[in-house]
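Chain order of the listed sequences is W and F. Residues 1 to 278 (the numbering used here) are what the first sequence spells out, left to right. Residues 1 to 174 (the numbering used here) are what the second sequence spells out, left to right.
No wet-lab data here; the hints were simulated from the structure. It is possible that some hints are incorrect.
As the list claims (entries may be wrong) - Label-pair ranges, simulated between beta-carbon atoms:
hint, chain 1, residue 1, chain 2, residue 2, range
1, W, Val147, F, Thr100, 45 to 51 Å
2, F, Gly3, W, Val45, 43 to 49 Å
3, F, Arg98, W, Ala247, 50 to 56 Å
4, F, Thr100, W, Ala247, 48 to 54 Å
What the hints assert, rightly or not - Covered stretches of chain W, going by a simulated chain F footprint (3 or more residues, C-beta under 8 Å):
hint, stretch
5, 13 to 21
6, 31 to 40
7, 119 to 131
8, 160 to 173
Just so you know, even glycine gets a beta-carbon here, dropped at the ideal spot from N, CA and C.
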Amino acid sequence: MPRSRRFGRSRFTLVVLILASLTILTLDYRDTGPIQGLRGVAATVFSPFRSAGDTVATPFRNGWHGIFGYDDLKDENADLRTQIEQLKGQEVADANAAAENDALRRMQDLPVTADIPRVVAEVISAPLTNFDTTIEINRGSGEGIKVGMAVVTDAGLVGRVVSVLGGRSRVQLITDLDFPVVGSRLVDSGDVGLAEPGTDGNLLIDAGIELDTAVERGEALVTSGTPDSDYPPGIPVGRVLSVGRTADRTERTLVIEPAASLEGLRFVAVLLCDQDCQ
Amino acid sequence: MSGVVVARVALVGLFVLMLQVCMVSQVVVIGARGNIVLLFAIAAGLETDARRGAICGFALGLVLDLLLDTPAGISALTMALVGYGVGSAKDLVLRSSRLTNLALVALASAAGTLLYAGAAVVLGVTVDAAALPAIVVVIVAVNALLSTPLRWALRWAFGSEGQTRRRDQLVFHR
Chain W
1 MPRSRRFGRS RFTLVVLILA SLTILTLDYR DTGPIQGLRG VAATVFSPFR
51 SAGDTVATPF RNGWHGIFGY DDLKDENADL RTQIEQLKGQ EVADANAAAE
101 NDALRRMQDL PVTADIPRVV AEVISAPLTN FDTTIEINRG SGEGIKVGMA
151 VVTDAGLVGR VVSVLGGRSR VQLITDLDFP VVGSRLVDSG DVGLAEPGTD
201 GNLLIDAGIE LDTAVERGEA LVTSGTPDSD YPPGIPVGRV LSVGRTADRT
251 ERTLVIEPAA SLEGLRFVAV LLCDQDCQ
Chain F
1 MSGVVVARVA LVGLFVLMLQ VCMVSQVVVI GARGNIVLLF AIAAGLETDA
51 RRGAICGFAL GLVLDLLLDT PAGISALTMA LVGYGVGSAK DLVLRSSRLT
101 NLALVALASA AGTLLYAGAA VVLGVTVDAA ALPAIVVVIV AVNALLSTPL
151 RWALRWAFGS EGQTRRRDQL VFHR
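Throw the hints in and build the complete structure from the sequences for me.
Here it is, written out as structure tokens:
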């Protein structure tokens, strides 16, 4: 085939593909057409391959983590041993505090996270690329999961459900830069700020915390349950990593390390409530 | 492309996608993951021509899009452009050697990643610009490492159809 004709054909194909891509982007953006349906089909079709691939890949993955993450694992192990020792001592005090807390909550008739029905789900897919901060779980609409529901681990808030596809759901992680702000309350002072995703996988609060509020590094934050928070109150959000001031020096800024570890998640729980839990 | 070639290319594509999902995406190095789906488009462009590179990039990019929560079509668009670009750039190279091919893979991987990030920003996805250098470095390294085996796989998949377009000899077209 002459070169000029081959080039013409290549360009024509490229133009067609670009137009097809733009059409798909438009349909997805407007949430019309078959894109959502196709997503469900792709997830279903790919699921057995993914399971088979996971089975084959797990030993290699573990080997990789064993070789290159050995020092981290050693450090983590030492940290965990220290924490276990500390927790043993705290256990008795915590039991007493929990009993008091339960009594107080009952008296004030506040909803608590423990009262909220939940569905435990297995994480079947981690983020697939660098620009994807969602995970997929193996529970969906059949279990009562709806878009917007909070997803937690025993450590704290992990994210929220952004799409439900039959027997699966997609969860946007709390560190996604497009994650909606989370109304968060400082446990000690009670001040409420709006936590938004920051850099390095941390969260940032730059409004709502008064300058005269004493904030210590390591102080815990939980979901506020106020109208500006989409989640039930009392879910651990994270701990204060550093404290600063806003540019106009009127409020404090807080960098928060998420309470839940988002790497290597295996099981999560979806809290089966949305606005009615506020 | 004949039916057999399409089936073989689809098989290689599926294998690449599985590798991305089950292995590559699970390994985080300096805070970033590899992207061998992008390498599929690049290798197809290198092994065949701009047209086939674009089609392969578009097809596998679209399947990846359907598995992600980012806007559907964004991977298809960028990978079609990358496949086309690599197929065209290959024709401009005086002598095709292992080194020039590796350089093309590295350049196309970096360009494809930045193109994707740019398109994502345009479409309203927030991208952490500070993380981009690490992402580019990891993707370039992983793709350079895996480019040869994937090219072998695609060479088998395209068979004689790919070989008629491949240029491993001294050539210069104007």
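We went through each hint and held it up to the structure:
In this structure, W/Val147 and F/Thr100 meet the distance hint of 45 to 51 Å, their C-beta atoms being roughly 49 Å apart. For the hinted restraint 43 to 49 Å between F/Gly3 and W/Val45, the CB-CB distance of approximately 20 Å leaves it violated. With their beta carbons about 53 Å apart, F/Arg98 and W/Ala247 fall inside the hinted range of 50 to 56 Å. Here the CB-CB span from F/Thr100 to W/Ala247 is close to 50 Å, well matched to the stated 48 to 54 Å.
As drawn, the stretch 13 to 21 of chain W meets chain F at 6 residues by the rule of a beta-carbon pair under 8 Å; at three or more, the given contact holds. Counting residues of the stretch 31 to 40 of chain W whose CB lies closer than 8 Å to any CB of chain F gives 3, so the stated coverage by that chain holds, three being the minimum. Using a Cβ-Cβ cut-off of 8 Å, 7 residues of the stretch 119 to 131 of chain W lie near chain F, which meets the minimum of three, so the contact claim holds. Coverage of the stretch 160 to 173 of chain W by chain F holds in this model, with 4 residues showing a Cβ closer than 8 Å to a Cβ of that chain against a need of three.
Hint check: a violation occurs at hint 2 only; the rest are consistent with the structure.
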